[in-house]
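Engineer: From just these sequences and the hints, can you work out the full model?
There are 2 protein chains.
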Amino acid sequence: MSQSVDRALSILPLLARGPADLGAVADELGVHKSTALRLLRTLHEHGLVHRQRDQRYRLGARLFTLAQEAVENLDVRDVAHPHLVALNESCGHTVHLAVYEEREVLYIDKVESRYPVRMYSRIGKPVPITVAAVAKLLLADLPEPERRALAERLDYPLYTSRSTPDAAAFLRELATVREQGWATDLGGHEESINCVGAPVKGPDGRVVAAMSVSAPNVVVTAEELLGLLPHVRRTADAVSREYAGTTPSKEATA
Amino acid sequence: MSQSVDRALSILPLLARGPADLGAVADELGVHKSTALRLLRTLHEHGLVHRQRDQRYRLGARLFTLAQEAVENLDVRDVAHPHLVALNESCGHTVHLAVYEEREVLYIDKVESRYPVRMYSRIGKPVPITVAAVAKLLLADLPEPERRALAERLDYPLYTSRSTPDAAAFLRELATVREQGWATDLGGHEESINCVGAPVKGPDGRVVAAMSVSAPNVVVTAEELLGLLPHVRRTADAVSREYAGTTPSKEATA
DNA sequence: CGCGTGTGTTGCGTGGGATGCAACGCGCGT
DNA sequence: ACGCGCGTTGCATCCCACGCAACACACGCG
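Those protein sequences? They're chains A and B, same order as listed. Numbered as in UniProt numbering, the first sequence ends at 254 without a single skipped number. Numbered as in UniProt numbering, the second sequence ends at 254 without a single skipped number.
Think of the hints as simulated: they come from the structure by calculation, not from any bench. Careful: at least some of the hints might be erroneous.
Straight-line Cα separation of at most 35 angstroms, DSBU-like style, residue types lysine-lysine; simulated pairs [unchecked claim]:
1. A/K125 <-> B/K125
2. B/K33 <-> B/K125
3. B/K125 <-> A/K33
4. B/K125 <-> A/K110
5. A/K125 <-> B/K33
6. A/K125 <-> A/K110
Structural biologist: Below, the structure written as C-alpha cells:
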C-alpha cells in the first residue's frame with residue numbers, strides 16, 4: 001500500500017538471511033542504490049538494522065528488545081477470555097485458564113458452568129499441582145532438569161485413589177502429556193470430577209498457559225467429556241495463534 | 001530521512017507498550033487516521049503487526065521470528081554459551097553475556113542461578129549503561145572520541161548512592177576498567193547486588209562482548225565475589241580464544 | 001425508531017517528498 | 001598514478017503519500 005514503507009520492510013527478511021552490503025540490498029529490492037541507502041538509514045535510526053564494522057548491514061538488536069517488550073506487555077487472559085466464553089457457551093461446562101509461576105500453577109480466569117452443580121475453584125487460587133490437567137500441561141513443558149527437580153520436591157497428597165502417587169508416576173504422566181499435546185484429570189482431585197485440557201503456546205512455541213474443561217460425572221461421563229477434546233484443542237490453538245499473532249510457521253502439531 | 005518509513009517504524013515501539021486502536025496510533029504519530037491506517041496496513045502485510053479480534057493492533061509474529069534470526073546472527077553467543085553454563089555450574093550465581101550496539105548495551109544471554117537457560121526470559125533488555133559491569137567493559141573499549149561523546153550524552157540516574165554520578169566520573173571509571181581489563185558493579189544499580197565482569201575479545205583485540213557474574217550480598221560478600229574474578233577472567237579469555245579461532249582474522253591491520 | 005456519536009474505511013486532488021540520475025570522494029588493488 | 005568498486009550527496013522530476021471529506025457501520029439513548 002505504501003511504497004517506501006513496503007520496500008523498507010522488505011529489507012528485513014532479506015537481512016535475516018545474513019549480512020548484506022548496500023549494493024546487494026539495492027539489487028534485491030530492484031531500486032537505485034541511493035534509494036536503498038535512504039531506506040537503510042531510516043531503519044538504522046530506529047535501531048532495526050545495525051551497521052557492522054565492514055559497513056555491511058545486518059538485523060539490529062532493537063528487534064529483539066521490541067519482541068521482548070511485546071510479550072511482557074501482552075496478557076494471555078485478554079486474548080483468551082472471549083474464546084473461553086465461546087467454549088463455555090458451546091459445551092456448557094466450567095472452563096479454566098491457568099499459568100505456571102514460581103513453582104505454582106494458578107488459575108487466572110474461569111467461566112462458570114451453566115449447570116447447577118459446580119466445582120469449587122477461584123481465580124488466583126493455586127491448583128492441585130500433581131493432578132490437575134492444566135498443571136500437567138504447564139509442567140510438561142518445563143526444561144527437563146527443572147521439571148525433574150520440581151517433581152522430586154513436591155508433595156503427592158492422595159485426594160482420591162486415582163491421585164498421582166509419587167514423583168516417578170508424575171514424571172511418566174508428564175512425558176505422556178508432552179508427547180500427546182493434551183492432558184486429563186479423571187477423578188484425581190475429586191472423585192466425581194473429570195477434566196480435559198490443552199496448552200496455549202507463545203510465539204516461541206513454549207507453553208504460556210493451559211486451559212481445561214471440567215465437569216462432574218453426574219452430568220457427563222468421562223468418555224463424553226473426552227469427546228470434547230478436539231473442541232478444546234481447537235480453542236487452545238486459536239488462542240495460541242491470536243496470542244502469537246498469526247504464526248505462519250506451523251511447527252510440531254503432532 | 002524517509003518520512004513515511006520513519007512514521008511506520010515509530011509505530012512499532014508504540015505497539016510494544018500494548019495493543020492500540022487506530023485512533024490512538026494516529027494521535028500518537030500526529031497524523032491523520034487514514035495515513036495511520038495505510039501505514040498499519042503495510043506493516044500488517046509484512047506480518048509485523050497483527051490485528052486482534054477487537055480490531056486493535058499489536059505486534060505480529062513476524063517480528064518474533066525476525067528477532068530470533070537477529071540474535072542467531074550474533075555468533076559470539078553460540079561460542080560463549082557453554083562457557084557461561086560451566087561458569088554457572090561451578091559458582092552457582094547468575095551469569096550474563098552482553099554486547100554493545102547502537103549506543104545501547106543489551107543482554108544477549110543469561111544463565112540463571114536457579115534454573116537453566118530460558119531463551120526469551122529477560123534477554124534483550126537494555127542494561128543500565130552507566131553502572132553495569134558489562135556496560136563499563138564494552139564502553140571502555142570504544143575509540144576515545146566516541147566514548148567521550150557518548151558519556152556526555154548519557155543520563156546518570158542515581159539508582160543508589162553508589163551509582164556513577166556524572167560523565168566525568170564515568171570516564172575516569174572507564175579509564176580504570178580499560179587499564180585493568182576487568183570491571184565491577186558494587187551496588188551501583190541495586191544496593192544489595194554486586195557484579196564482577198570481564199571482556200571477550202575478537203581476533204583483532206577489540207572487545208566484542210562482555211560477561212559478568214552477579215550475586216546479592218546476602219549470599220556472598222563483595223570480597224568473596226571478587227575472589228571469583230580470576231575464574232571469570234579465565235572463562236572470558238577462553239571464550240575469546242575460541243571465538244578468535246572460529247572467525248578467521250580477515251583484518252590483521254591495526 | 002431515528003438520531004448522535006464513535007469507530008474504521010474509501011476516493012480523490014494536491015503538493016511535498018521519495019526517487020533515480022549523475023557526479024563526487026574515497027580506499028584498494030594492479 | 002590510474003582505474004575500479006564502493007558509499008555518499010545534490011538536484012530536478014514526477015510519483016505517491018498525504019489530509020480532507022464523505023461514507024459505512026455499530027452502538028447507546030431519548
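Engineer: Work down the list of hints and note, for each, if the structure agrees.
Structural biologist: We went through each hint and held it up to the structure:
About 31 angstroms separates the Cα atoms of A/K125 and B/K125, which keeps this hinted pair within 35 angstroms; it holds. Note on B/K33 and B/K125: the hinted pairing holds, with a Cα-Cα distance of about 32 angstroms set against a maximum of 35 angstroms. Distance restraint check for B/K125 and A/K33: the Cα-Cα separation of roughly 34 angstroms lies within the 35 angstroms cut-off, and the hinted pair is therefore satisfied. Pair hint B/K125 plus A/K110 holds up; C-alpha atoms about 33 angstroms apart against a cutoff of 35 angstroms.
In summary, the hint linking A/K125 to B/K33 is not supported, as the alpha carbons are separated by about 44 angstroms, beyond the 35 angstroms threshold. At roughly 11 angstroms between alpha-carbon atoms, A/K125 and A/K110 fall within 35 angstroms of each other, so this suggested pair holds.
Violated hints amount to a single one, hint 5; each of the other numbered hints is respected by the structure.
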